[in-house]
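Enquirer: With the hints as a guide, dock the two chains, each given alone in a separate frame, to form the complex.
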Amino acid sequence: MSKILYIVGSILLLHAGYSSFEFHQLLKTTHHSSTDSGLPSDIIIEVLVGIVVLVAGSLSSIEIPNFLSVDNEVIHPDHKYLKPIEMSKATAEFEKLKINPFAELETRIEFIDIVNKRKEYAKWSGQEVEEK
Amino acid sequence: MSKETIYYGPNADENKKKLSKVQDVTSLALGVGAGILAPEPVYGFLFYVIGYTVSNIAFYITCCEGLQGRAGQFYKSPVKEIFVDNLLHNIPEYIMMWCLVYALVK
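Residue numbers (this note's numbering), protein chains in the order written: chain A, 1 to 132; chain B, 133 to 238.
Pulled out of the complex, with its shape left as it was, chain B reads as follows (with noise of 0.2 Å):
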């Protein structure tokens, strides 16, 4: 029979807090970008999946310490949970802040 893995609710809610934080502040900083740099909208999407994909890049290495393999101390499922799940989550932060700041610089 395999060992079950208990985990302590309170720390991994902080986790959750702290990478959605980051990733806030990221589609935020991108949606402003986008805003000034006014791309075609197709490109618009991809400044946002690959500025995002490299900001959660940099969470994952530095915070995490995905290089030497603790991420799993932090995170349940910690490729699906930072990279993934929270990807479509962010788009509107996004679409608001580029077009709030289309608006003003145009």
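Same shape as in the complex, but just chain A (with noise of 0.2 Å):
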């Protein structure tokens, strides 16, 4: 959506730039100076259109897309354009997506507790044995 704006917008703003041109060419040709006459009012119209276009599409572009989860479901976004910069609610957003933004930190090698880790697994193995 937004790159049809940014094209259409363009397209106005390049019309009007030539026919802008055209114009100035002919006060030339007529010895008319620029100043006596404005541009007349489609130009001017034309103009002020294509910079409402253009900024449209810069609005549109920064839409936030729909995210994938882990779990393969399409999560919408609390917010359209924009994310929340509280912790809490940035936090809540992972959360919905089940991935950890500092899961690289908090699995590092260094800091994994082996032993512990080996525990729960043969706890965990153990229940899965029981319930098959």
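Take these hints with a grain of salt, some might be off.
[What the hints assert, rightly or not] Just a few of them, taken from the derived set where beta-carbon distance is under 8 Å, the chain B residues facing chain A:
id, residue
1, K150
2, S187
3, F191
[Unchecked claim] Covered stretches of chain A, going by a simulated chain B footprint (3 or more residues, C-beta under 8 Å):
id, segment
4, 17 to 28
5, 74 to 83
Read the hints as simulated data drawn from the structure, not as lab findings. Ideal placement from N, C-alpha and C gives every residue a C-beta, glycine not left out.
Expert: Encoded structure:
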């Protein structure tokens, strides 16, 4: 959507620019000074519409796309354009996605308690066996 | 003792980048517009300030959900960051496009 708006806005501004160029050339050939007569109102309107379309394109280009969580579910973001900056709200979004931005730090080898992890695994696998 | 709010840096940076992207596009588009319309210098700067503020209001209402009072969720001081901080920062882009397009059109 944003690309279409960018293209339309650029075309409008290009067209308005060329029209303005032709208008000034015409004034030069007819020996009028450009300060006497302003630009035709259609060029002015075209420029203003072009600017509005370009700004709308830039606003729609920052939209956040939907996420795909670890469980293969499509998750819609809470806010369409920006992300909350408060730590509690930001981490709530990560929990929804079931990812942890600090996983890289928390799972460094030096910080892993291997003995404890093995105990946990033994307990877990034991339960699995019992369930079966 | 007041409770201190803890911010998540990467999201704050991302929001700032998005804001500056919108403001960059706005100031370039306004520069092209000013080059085509060829206003007097004083009106040119007035055109910039008005156009820039209008686009910031659009950003504040649509992206920050400012009418629902949620702008504080996305920026530490929303009004200052959106409307004031980058006003002078984007003037060179505006003047560059203004001069370029003016020279092409005239």
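Enquirer: Which of the numbered hints are not met once you compare them with the structure shown?
Expert: Those not satisfied: there are none.
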